[in-house]
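Q: Sequence:
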Amino acid sequence: MSLGHTRSRHCGDAALPIPLKEGADWTTWELTQAQLATLMDRDDLLALRPGSAGRWKLKAKDKVGSVRLGTGAGAVQLTITPKVPVDRLLHLVAYAPDRVHIDPRPVTAEPREDLLPALARAFSSAAERALERGVLHDYRETYDTLPVVRGRIRHADQLRRRPGVPVPLEVVYDDHTPDIAENRLLLAAARRLLRVPGLGPEPRAALRRLAARLDGVRFLPAGAPVPHWEPDRRNARYAHALVLAELVLRGGSYEFGDDRRLAVDGMLVVMWRLFEAYLARAVGEELRHRVGGRPEAQDTSHFLDVARRHQLKPDLVHYLPLPPDGVQRPAAVLDAKFKTRPQRDDLYQMTAYCMRLGITEGHLVYASGRDTPGKLGAVEVPVGDGRLRIRRHVIDLARPWRDLAADIADLAAEIDAARRPTAV
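When the letters of the sequence shown are read in order and numbered with the numbering used here, they come out as residues 447 to 870.
Keeping only pairs whose Cα atoms sit at most 27 Å apart, straight-line, the calculated DSSO-like set for lysine-lysine is:
1) K467 to K503
2) K785 to K507
3) K467 to K507
4) K505 to K785
5) K759 to K507
Please keep in mind that the hints were generated in silico from the structure rather than gathered at the bench. Just so we're clear, the structure is a prediction, and the values are computed from it rather than from any experiment.
Build the full structure now, drawing on both the sequences and the hints.
A: If you want it as C-alpha cells, here you go:
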C-alpha cells in the first residue's frame with residue numbers, strides 16, 4: 447500500500463523502490479553509493495547500518511507514507527507501510543489533516559482497490575460530520591434584473607440599459623446562499639470521487655447523498671482552479687472535510703497510466719503525532735456534542751511552576767461552565783499515548799495535569815493494534831486529604847473505522863460520566 451494523492455503524470459527518473467514496514471525489523475538492501483547518499487541524508491525517515499558483503503540494513507522510524515528522494519542515479523522511492531490499515535489511517539487523517547506532510551515530488555504506486563475508495567470513505571465521513579448542523583450559507587452580492595426592488599437599484603445600469611423604462615429594474619442585493627467556496631469545494635470533491643474505479647456501493651451512496659444535500663451549489667467546471675477558502679469560526683466545522691477535499695482535487699485525475707501504475711504525490715505522516723491530534727479532536731467533538739462546553743486540543747495555557755517556565759501541554763482539556771459562578775473551568779483532561787504498554791512516567795505526567803488543572807479524574811488513552819481490552823484499569827493517587835483517579839483506556843486502531851468511531855463515542859461517554867468538577 448502506498449499513501450499519496452493521485453496525479454495524472456508519470457515520474458521522471460527511474461527510482462529504486464524500497465518498501466519498509468512500520469515497526470518491522472531490519473531488512474538488507476544492495477545500494478549504490480548515490481542511493482546510499484540519498485538515504486543517509488534522511489535520517490528522520492529511517493535508520494541505516496552496514497550489513498555483510500557490502501550491503502546495508504534499513505529500518506523505518508516513526509513516519510509512514512511514500513516519498514520520492516534524490517535525483518538521477520540516486521533516486522529512491524521510499525514507502526513505509528503503516529501497521530494501521532489504509533481506511534483507518536485516512537479516518538485519522540480526516541480529523542487531523544494538518545499532521546500530514548504532502549511532498550509534491552511524484553512517486554508511483556501499484557493500483558490497489560482500497561487506496562482511493564478509502565480516501566472516498568474518509569472524505570464522505572468528514573463531510574457528513576461537517577453537514578450535521580446543516581449546509582453552510584453566507585451572504586453574496588448578487589446582480590440581477592427584477593420586476594420589483596430588491597436591495598438597491600443600480601441607477602447607472604438602469605439608465606444605460608432602459609432609459610425612461612420603469613421596469614424591469616437593475617438591482618444588487620445580498621443573497622443568503624449555499625453557493626459559496628466551501629460548498630463548491632465539497633461538491634467538486636464528491637463528484638470527482640464518484641469517478642473513482644472500484645468504488646463500493648456504500649461510499650458511492652454516501653457521496654451521492656452529499657451531492658444531493660448541496661443542491662443550489664454550482665458545479666466546478668473541469669480545469670477550473672480549486673475554490674479558495676479561509677478558516678474561520680463560521681466554517682470551523684467544515685475544516686476537516688475541506689482539507690480532504692483539497693487532497694482529492696489536487697491531482698486532477700484518477701486515470702490509470704499506460705503501465706497500470708498510479709502517479710501520486712508523496713505523503714508522510716508521523717503516526718504518534720497523528721494519533722494524538724486525532725484523539726484530541728475526535729473526543730473533543732464528541733464531548734462538545736454531548737455536553738457542550740469548549741474542548742481545547744493541545745492546550746498550552748497552563749504551567750507547572752509559578753514562574754511559568756515549564757509549560758504543560760495535555761492533548762485535550764475540556765472546559766465547562768462549573769458552579770458556583772458558571773465560569774468555564776477544566777472539567778476533564780486526556781492525554782494520548784501511541785504505545786501499547788503503559789509506563790510509570792505516564793502516571794506522573796497525568797498526576798501533574800490533574801493537580802494543576804484542579805480536577806480529580808484524568809484519562810490516559812493508549813493505541814493498540816492487538817486484541818487488548820478496552821480498559822487497563824484505574825490508578826488512584828493520594829493527594830493531601832483526597833485522591834486522584836487516573837483512568838487508562840485503549841483505542842484499537844486495527845478495528846474497522848466505523849467501530850473506531852463508535853469507540854470514540856464510548857470513550858467520550860466514559861469521560862463525561864467520570865468527571866468530578868470539584869477541586870483537589
